Amino acid sequence: MKLTLAAALILACSLRLHAQPTGAAPDGLAAARALYDAGRYADAAAALSALAAASPRDAAIQYDLGDALFKAGRLGPAIVGFERAFELDPRDSDVRENLSFALSRAGEELVPPGTPPVLFRLFTELSERELAGLHWAAAWATLLLAAAALALPRRRESLRAWTGGGAALWAFFGLWWMGLRAVLPPGRGVVIAAKAELRHGPGEGFDVAFTVPEGRRVRVLGSSGAWLDVGLLKEGARGWIEASAIERL
Amino acid sequence: MKKLLLTLAACALAARAGAGVVVTSALDRTRVAADDQLVLSVTVTGDQASVPEPKLPPIEAFSIYDSGRSQSISIVNGHIASSVVYTYVLSPRSVGHFRIPPIGTDGAAQASTPLDVDVVKPGAKIAPDAAAPAAAAAPDENAPAAGDPSDTNATAAPTDARTGRTPAAMVVATLDKSRAVVNEQVTLTVRFLYSQEAQLLGNQQYEAPDLTGFLSMDLPPVRNGTTIIHGRPYAYSEIKTALFPIQSGRLKIGSAAVHAQVARPGGDPFAAGFFNSFFANPQAVVLHSDPLTLRVDPPPPGKPADFTGVVGRLAARASVDHADVKAGEAVTLTVDVSGSGNVQSIPEPPKPDLPALRFFDTESSATTDKAGDRISGRKTFRTVLVARVSGDVSLPSFRFSYYDPQSKAYAVAATSPISLHVAPGAPGAVPAAPSPAQSAPGVTAFGEDVRYLKTAPQRDPISAALVAFADLGPWHALPFAALALAALFDWRRRAADSDPRGRRFRDARRRAEQRLKAASALPDAQAADAAAHVDEALAAFVADKLDVPSAGLTLKTALDGLKSLRRPPAEPTLARLSAAWEEADLRRFAPGGVDGSDARRFAGEIADLIRTLDQEIGR
Numbered sequence: 001m002k003l004t005l006a007a008a009l010i011l012a013c014s015l016r017l018h019a020q021p022t023g024a025a026p027d028g029l030a031a032a033r034a035l036y037d038a039g040r041y042a043d044a045a046a047a048l049s050a051l052a053a054a055s056p057r058d059a060a061i062q063y064d065l066g067d068a069l070f071k072a073g074r075l076g077p078a079i080v081g082f083e084r085a086f087e088l089d090p091r092d093s094d095v096r097e098n099l100s101f102a103l104s105r106a107g108e109e110l111v112p113p114g115t116p117p118v119l120f121r122l123f124t125e126l127s128e129r130e131l132a133g134l135h136w137a138a139a140w141a142t143l144l145l146a147a148a149a150l151a152l153p154r155r156r157e158s159l160r161a162w163t164g165g166g167a168a169l170w171a172f173f174g175l176w177w178m179g180l181r182a183v184l185p186p187g188r189g190v191v192i193a194a195k196a197e198l199r200h201g202p203g204e205g206f207d208v209a210f211t212v213p214e215g216r217r218v219r220v221l222g223s224s225g226a227w228l229d230v231g232l233l234k235e236g237a238r239g240w241i242e243a244s245a246i247e248r249l
Numbered sequence: 001m002k003k004l005l006l007t008l009a010a011c012a013l014a015a016r017a018g019a020g021v022v023v024t025s026a027l028d029r030t031r032v033a034a035d036d037q038l039v040l041s042v043t044v045t046g047d048q049a050s051v052p053e054p055k056l057p058p059i060e061a062f063s064i065y066d067s068g069r070s071q072s073i074s075i076v077n078g079h080i081a082s083s084v085v086y087t088y089v090l091s092p093r094s095v096g097h098f099r100i101p102p103i104g105t106d107g108a109a110q111a112s113t114p115l116d117v118d119v120v121k122p123g124a125k126i127a128p129d130a131a132a133p134a135a136a137a138a139p140d141e142n143a144p145a146a147g148d149p150s151d152t153n154a155t156a157a158p159t160d161a162r163t164g165r166t167p168a169a170m171v172v173a174t175l176d177k178s179r180a181v182v183n184e185q186v187t188l189t190v191r192f193l194y195s196q197e198a199q200l201l202g203n204q205q206y207e208a209p210d211l212t213g214f215l216s217m218d219l220p221p222v223r224n225g226t227t228i229i230h231g232r233p234y235a236y237s238e239i240k241t242a243l244f245p246i247q248s249g250r251l252k253i254g255s256a257a258v259h260a261q262v263a264r265p266g267g268d269p270f271a272a273g274f275f276n277s278f279f280a281n282p283q284a285v286v287l288h289s290d291p292l293t294l295r296v297d298p299p300p301p302g303k304p305a306d307f308t309g310v311v312g313r314l315a316a317r318a319s320v321d322h323a324d325v326k327a328g329e330a331v332t333l334t335v336d337v338s339g340s341g342n343v344q345s346i347p348e349p350p351k352p353d354l355p356a357l358r359f360f361d362t363e364s365s366a367t368t369d370k371a372g373d374r375i376s377g378r379k380t381f382r383t384v385l386v387a388r389v390s391g392d393v394s395l396p397s398f399r400f401s402y403y404d405p406q407s408k409a410y411a412v413a414a415t416s417p418i419s420l421h422v423a424p425g426a427p428g429a430v431p432a433a434p435s436p437a438q439s440a441p442g443v444t445a446f447g448e449d450v451r452y453l454k455t456a457p458q459r460d461p462i463s464a465a466l467v468a469f470a471d472l473g474p475w476h477a478l479p480f481a482a483l484a485l486a487a488l489f490d491w492r493r494r495a496a497d498s499d500p501r502g503r504r505f506r507d508a509r510r511r512a513e514q515r516l517k518a519a520s521a522l523p524d525a526q527a528a529d530a531a532a533h534v535d536e537a538l539a540a541f542v543a544d545k546l547d548v549p550s551a552g553l554t555l556k557t558a559l560d561g562l563k564s565l566r567r568p569p570a571e572p573t574l575a576r577l578s579a580a581w582e583e584a585d586l587r588r589f590a591p592g593g594v595d596g597s598d599a600r601r602f603a604g605e606i607a608d609l610i611r612t613l614d615q616e617i618g619r
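Protein sequences, first through last, are from chains Z and C.
Those letters in the first sequence? Residues 1 to 249, per our numbering, in order.
Those letters in the second sequence? Residues 1 to 619, per our numbering, in order.
FYI, nobody ran anything at the bench for these hints, they're computed from the structure.
Here the structure is a predicted model, which is why all the values come from computation and not from measurement.
Every residue, glycine too, gets a C-beta built ideally from N, C-alpha and C.
You can take every hint at face value.
According to the in silico footprint, chain Z covers these stretches of chain C (three or more CB under 8 angstroms from chain Z):
(1) 388-397
(2) 460-467
(3) 481-495
Anything over 12 angstroms on all C-beta distances counts as not near chain C; from chain Z, calculated:
(4) A42
(5) A46
(6) A50
(7) E157
(8) S158
(9) G164
(10) G165
(11) F172
(12) L175
(13) P202
(14) G205
(15) S224
(16) S244
Quick partial rundown of chain Z residues pointing at chain C, CB under 8 angstroms, derived from the structure:
(17) R33
(18) D67
(19) F70
(20) D94
(21) E97
(22) G133
(23) L134
(24) W136
(25) A139
(26) L144
Chain Z with its partners taken away, still in its complex shape (with noise of 0.2 angstroms):
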């Protein structure tokens, strides 16, 4: 008994360590919702930048940051603002809505091509890292009922069957997990460049492959110094491209 309330209190501990702040200073928001109203969309930007590098966990703040910054004009930061936001709050119909249609402006689609939207909007509709939380308390069950089952085997019929639930549970969420990391990879980024040239090496003595417009979402495969190697995920081309024109989410 002690040793589950050291547990207990240890993960309680951890939670409160691990949670990030959610809620940004208010009379910064404010501030930024001012100036946007004014039509100044790139000090709003600003502010909402600041705000969102205190915050990174906040959707609405990232939500918010994407909007000043295709007010603005900034096309490539701006989808990166809502593919942050989407990947926070996938459930939210505003972040779907400005993500697919900044998407739309920089000749990409959110649904992949061949994917019926309502599979996307159910396949998505949990975040990532709340489909990794599930998954983890999933697992959490499954194993703490299987070392119950073991330590009382008076109980162990009962627990078996918990077991088993908590198990399939686990599978779920662990596949669920897993699929959607491989449709949202990790390493993805936004072209944030104006009209990006992709070269066939990592260097200006290459000559250039393709232009790539701004605000197209792009993997990146590898780095050489100051060039990254990428593909560009709805043409499945592939080249190098410099640093400074990616945005990594």
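Given chain Z, put chain C in place with the hints provided.
For chain C alone, coordinates are given in the frame of chain Z:
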């Protein structure tokens, strides 16, 4: 006349390359309403047959439509002069004062001078433009009323004042109509008439009239025939030209001229007899037609917003090479516009605003038909488009507004909508982009906008807890460790259950200590029971170690057994055991018994002895 044209062509081919080229530009006016249009004429002249095209600089304030070109080559006294007029229609994008920068060509000796233009709000009163080119029209207020005798569409055949007869040779120019609207076709006929008395020598050279303010197209072939004017027979050669006025007002068509060689018999060269010509010296004469005036009206009010100035009658048709496609596959959209009028000047229709489709650059081609001396033709726009997503996509109709001079009304030629059935593409399929240079910029213009800021953001505590839980990091090893511990515990228990002798051996001390603890806990009044517990604890410990029944175990058997163990106890320990065994028996079975405190002390001694034995024997 055929010889004349052949001479012109030969001279044009022989023209020197690289001669000086001069570019001039002119606007039909310098002040225009924002909803009206300007006509920019760029004239490239040079002393060569072929002059380069002008390079138009970016003019941000206007949308520019290419309205065509007209070329004229004149050969005067063996000197070739080529002039090409490029006509552009400028549609203002905003109100203000703008400057059209100098326009040049590759290798131009002289670029044009900049032009200033004021764009005013729609409906503002625009004063007559004094800066308009002189070659353009006379002001409308000076124009004669309809039916004015000067509003001629033909020049009467001149008559000789002295003889009252028509001359032996003359040039007559006529128009098929005296009034037209901007961009409406007017046919100019220039007829070179000559009688038998003309005594023409050699070839004649034709000099086209000044057609500033018009876009012109030749209407071949040269027609020859005979006619009778005022009772005098004439042979004639006739050249027809289609004219499209590019500005409103009273436009002048200059004199057409024919350079001819005639016999000089000493008197009237055209009145001499036939045989005189064999002996007479040739004389160069130039015959001119009378200038003509055409009244050009601007397009009437009520023009559609997408009207680009086409006058005639159009029909439009759109098609795709295949309507069933997969996402990512290319489809060629073809839009055909055909009809009468200057079809070549029709600009590319705007691409529909469809996020589901990606449009690439449009290529256009045009064919011109001059049957019946009426200009007609077909313009074809081909656009490659790629479906971005699966599903049914409807391409809306493409509209081409025009002014029909016959019905005197604006009309629209519209294509039928086209349905595309887009199936899902292969995973990872690369869209058929023609090339990076041709690829669309990837940005589609929308009338929509992003949604507004988050005024009341929603915090989801369950989501926050899940995210915090997911980020525990190494703490996620805890349940695995718990399971491992439980598994280890279970394994040991199962191992013990499978070896009862070993388990009895290992648990001997624990059970003995439990008995001793129970004995110590008894009250003093039960000292005898406590002594019995102590005695049994010692005997049971030894029996457990030797795996024999404790009942009936004697001291001698116990000592022998302990000595026979793999790790026997030390002799002093055995001696302590003998003494303790006998004392325990004595305490248990002696008639006087012992008091309670002494029993607890003895239990402590036995416990210490058992610990020593357990350590020496091993577990």
